Amino acid sequence: MQPETNKAAFHAVWKAAFLIGRLLLEFFLDWRTPTAFNLPARG
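The sequence shown finishes on residue 1478 if you use the numbering used here, and the numbering steps up by one all the way, no holes.
These are calculated hints, taken from the structure and not from any lab test.
One should not assume that every hint holds.
[Claimed, not checked] Capping the alpha-carbon separation at 25 angstroms, the derived lysine to any residue pairs in SDA-like fashion look like this:
| id | residue 1 | residue 2 |
| --- | --- | --- |
| 1 | K1442 | A1452 |
| 2 | K1450 | E1461 |
| 3 | K1450 | F1463 |
| 4 | K1450 | L1460 |
| 5 | K1442 | F1453 |
| 6 | K1450 | P1438 |
| 7 | K1450 | T1440 |
| 8 | K1442 | G1456 |
| 9 | K1450 | E1439 |
| 10 | K1442 | I1455 |
| 11 | K1450 | L1464 |
| 12 | K1450 | D1465 |
| 13 | K1442 | R1457 |
| 14 | K1450 | F1462 |
| 15 | K1450 | Q1437 |
| 16 | K1442 | L1454 |
Bear in mind the structure is a predicted one, so any value in this text is a computation, not a measurement.
Take these sequences, add in the hints, and give me the full structure.
Structural data, given as structure tokens:
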């Protein structure tokens, strides 16, 4: 496996993990906030 392909794959996995982690973090914070259910969906 070439180093370039390995680096590209690593970058893709890191980017996906970062986006998923951020999504879970926002969902967790919204779930813990009592007023989250009274507010319309953000975005």
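We went through each hint and held it up to the structure:
Taken as a hint, the K1442 and A1452 pair is honoured in the structure, with Cα atoms around 15 angstroms apart against an allowance of 25 angstroms. For the suggested pair K1450 and E1461, the alpha carbons sit about 17 angstroms apart, so the restraint of at most 25 angstroms is met. In summary, the hint linking K1450 to F1463 is supported, as the alpha carbons are separated by about 20 angstroms, within the 25 angstroms threshold. Distance check on the hinted pair: K1450 and L1460 sit about 15 angstroms apart at the alpha-carbon level, within 25 angstroms; holds.
Restraint check for K1442 and F1453: satisfied, since their Cα atoms lie roughly 16 angstroms apart, inside the 25 angstroms limit. A hinted pair counts as satisfied when its Cα atoms are at most 25 angstroms apart, and K1450 with P1438 qualifies at roughly 18 angstroms. Between K1450 and T1440, the direct Cα distance comes to roughly 15 angstroms. Compliance with the 25 angstroms bound is thereby established for this hinted pair. Between K1442 and G1456 the CA atoms are separated by roughly 21 angstroms; this keeps the pair inside 25 angstroms, and the hint holds.
Using a Cα cut-off of 25 angstroms, the hinted pair K1450 and E1439 holds, with the two alpha carbons roughly 16 angstroms apart. With a C-alpha separation of about 20 angstroms, the suggested pair K1442 and I1455 falls inside the 25 angstroms cut-off, and the hint holds. Using a Cα cut-off of 25 angstroms, the hinted pair K1450 and L1464 holds, with the two alpha carbons roughly 21 angstroms apart. Under the criterion of a C-alpha separation no larger than 25 angstroms, the hint pairing K1450 with D1465 is consistent with the structure, at around 23 angstroms.
Restraint check for K1442 and R1457: the C-alpha separation of about 22 angstroms stays at or below 25 angstroms, so the hint holds. With a C-alpha separation of about 18 angstroms, the suggested pair K1450 and F1462 falls inside the 25 angstroms cut-off, and the hint holds. The suggested pairing of K1450 with Q1437 holds, with an alpha-carbon distance near 20 angstroms, which does not exceed 25 angstroms. Proposed proximity of K1442 and L1454 is supported: the alpha carbons are some 18 angstroms apart, at most 25 angstroms.
No hint from the list above goes unmet by this structure.
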